[in-house]
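**Student:** First to last, the protein sequences are chains A and B. Under my numbering, think of the first position of the first sequence as 1, with each following residue one higher. Under my numbering, think of the first position of the second sequence as 1001, with each following residue one higher.
It is worth saying that the hints were derived from the structure and are not from the lab. Cβ atoms here follow ideal geometry from the backbone N, Cα and C, with glycine treated the same way. It is possible that some hints are incorrect.
As the list claims (entries may be wrong) - Some but not every residue of chain A turned toward chain B, in silico, with C-beta under 10 Å:
1. Met1
2. Leu8
3. Thr15
4. Ala28
5. Thr41
6. Gln43
7. Ser45
8. Ser46
9. Thr50
10. Ala51
11. Cys53
12. Val54
13. Val148
14. Arg149
15. Thr154
16. Pro155
Unchecked claim - Below, simulated DSSO-like cross-link-like pairs (lysine-lysine); rule was C-alpha separation at most 30 Å, straight line:
17. A:Lys147 <-> B:Lys1318
18. B:Lys1366 <-> B:Lys1451
19. B:Lys1289 <-> A:Lys147
20. B:Lys1120 <-> B:Lys1204
21. B:Lys1334 <-> A:Lys147
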Amino acid sequence: MLSMAILLLIYMLNTAKAFSYLSAEPTACINCHVMNTQYATWQHSSHALTATCVDCHLPNDGTINKYMAKARDGWNHTVAFTFDTYEPVITISDDAAKRVQKNCIGCHKSITTTLVGNADRNHSYNDDEVQNGRKCWDCHRGVPHGKVRGLTTTPNNLGIKEVN
Amino acid sequence: MGYKILIAVSAIAIIITLFLTNNVNEREQQRIDLATVPEISVEGMSKSEDWARYYPRQYSSWKKTKESGTIVDMLEEKPQLAVLWAGYGFAKDYNAPRGHYYALQDNINSLRTGAPKDKKTGPMPTACWTCKSPDVPRIMKQEGEMEYFTGKWAKYGHEIVNSVGCADCHSNETGKLAVNRAYLDRGLKAAGLPTFDESSHQEKRNLVCAQCHSEYYFKKTEWTDEKGNAKVAKVVTFPWANGLTAEGMEKYYDERDFVDFVNKISKTPIIKTQHPGYELFKTGIHSQKGVACADCHMPYTQEGSVKYSDHQLQNPLKTMDRSCMPCHRENEEKLAKIVKRKYERKDQLHELAMDNLAKAHLETAKAMEVGASDAELKEIRTHIRHGQWRWDYAVASHPSFFHAPEETLRLLASANEEAMQARIKLVSVLAKHGVLNYKAPDFSTKEKAQKLAGVPLQDLINAKLKFKETLEKEWHKEAVANGALNMESKKDVDLQSSYFNN
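Assemble the whole structure, with the sequences as input and the hints as a guide.
**Tutor:** Set out below in structure tokens:
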């Protein structure tokens, strides 16, 4: 009985491609098709040449932090996908937004240093992750996922819809 | 007691795992359903209209390639060309390229393809169709590649009737990027590069273009068909064995003593560069940064709330907001000005190289006239051959200059140097035969240059017009009867050409 349970568990992990989630491969993020739009828009953006999903969305300040975040996200995503509790238009969580903001600044250091410095010196805000009270993408709205979101916006990445 | 708990826990675990497995499989099926692509039949694959109902946006944007329809007679623009190509088809008729929508009709209308009267006449081999139509891979599948490459151009006039379209770059079974022309993989292998299937998705977005936008020649290949008949095929071949550079290919052709034509004016054995667009692009900065052809020429496009790849392949400077600005975060107008300034620099070198090459041909003719021997002219002709190859390599592909500015300028400078070497040596050969201060005749208009090249333009036009009234009409009738052509798709292919405007 126990061995049967273990075997079934292995089978389930295999069909769910569970181990692919340990990689940094962007295609792992579209194992569940909910993210197809985000994948397609990223793939056609200039970020595709240098940054993968995890480069922006996971903390990059250490392996432990990275995998903690991965585990937390992974659990939340699994529950949402299994029990259909996600919304038609997906929005980023506050925690995840902070990570992305940090990574924007991290990679674009050469052009953000002065901006961040001025914000620190001349303004006082409670949220130290969000310089000047705004996030990068409050202005750079199309980076890198484009301005349109939602499942119907990249039709040929979601299978083909016949029109007659 | 402990045993009972273990059983109970295992049973619960099994139930939960079964539920989850079932859930995962159900979701996987959803994913497959969503990603399932319609299969286009092999018969329908060459007709882009048959793909239109599944890919309406891609089809209608492909159809917009019709907008790039202006005829620019390059022989009017750059009369030197007729001198450089004297004795070759390009001296008869050469227009700037137009949209994919016209690719096939322009091939048929060009004076270069002549005026065949039946399946076995006309100057060109079947290989001239190779890049013009998705009917080509269809015929290669049906009849075999070697049979396709055997015989005259007119052999397939009734079969090859749809212009460059869906099946040229996509698999009819999966819709994914695919190349159905085997010579691409042969070229890549010769160059020691990964084949199409071994390449990354991003590289495939270059390679589907490379199957046509590359340097090639027709390699004479002997073969025997199923019935045992000995035949000769002219197979499209990429000269990439010494690398994808102008010098590498020049060496490749020299080693084989390959000659496309002998210039009628100077009797120089010439290699006509076709259009090494892919090869030049690979040396440029955009390629080195990992940008693919499709990134600029097929920008991701927003239509209402829908995004897709634009299939209206055209000059990206017409779609700068989508093609350039996603990477170049600066002023669009400023960027356009930078590009324009670069072109002006190139044009100066371009004209210099062409003028000197044309004069070298004419001065060689004078030297022959006053009695210079082939031995005296051997070295001079090698300079002209190499100079002309490099000049042509630098400018023959669709705006090659933009793809690799430094490489283009380097090649033009090198071409000009070869031409000048030829001309310096010609001065002493001419002097030896008593000719001082010889000035090459005027080739400043298309008429003057074609006269020097001995092109009987009006005869060629008359023969072509007759062909269009007779054989071409028969081709259409036959193609409609055997189901290869939907006449609706040909309805508004206009019949412009440089000579129709005369």
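**Student:** So, against the hints stated earlier in the document, which numbers end up violated here?
**Tutor:** 4, 10, 11, 12 and 20
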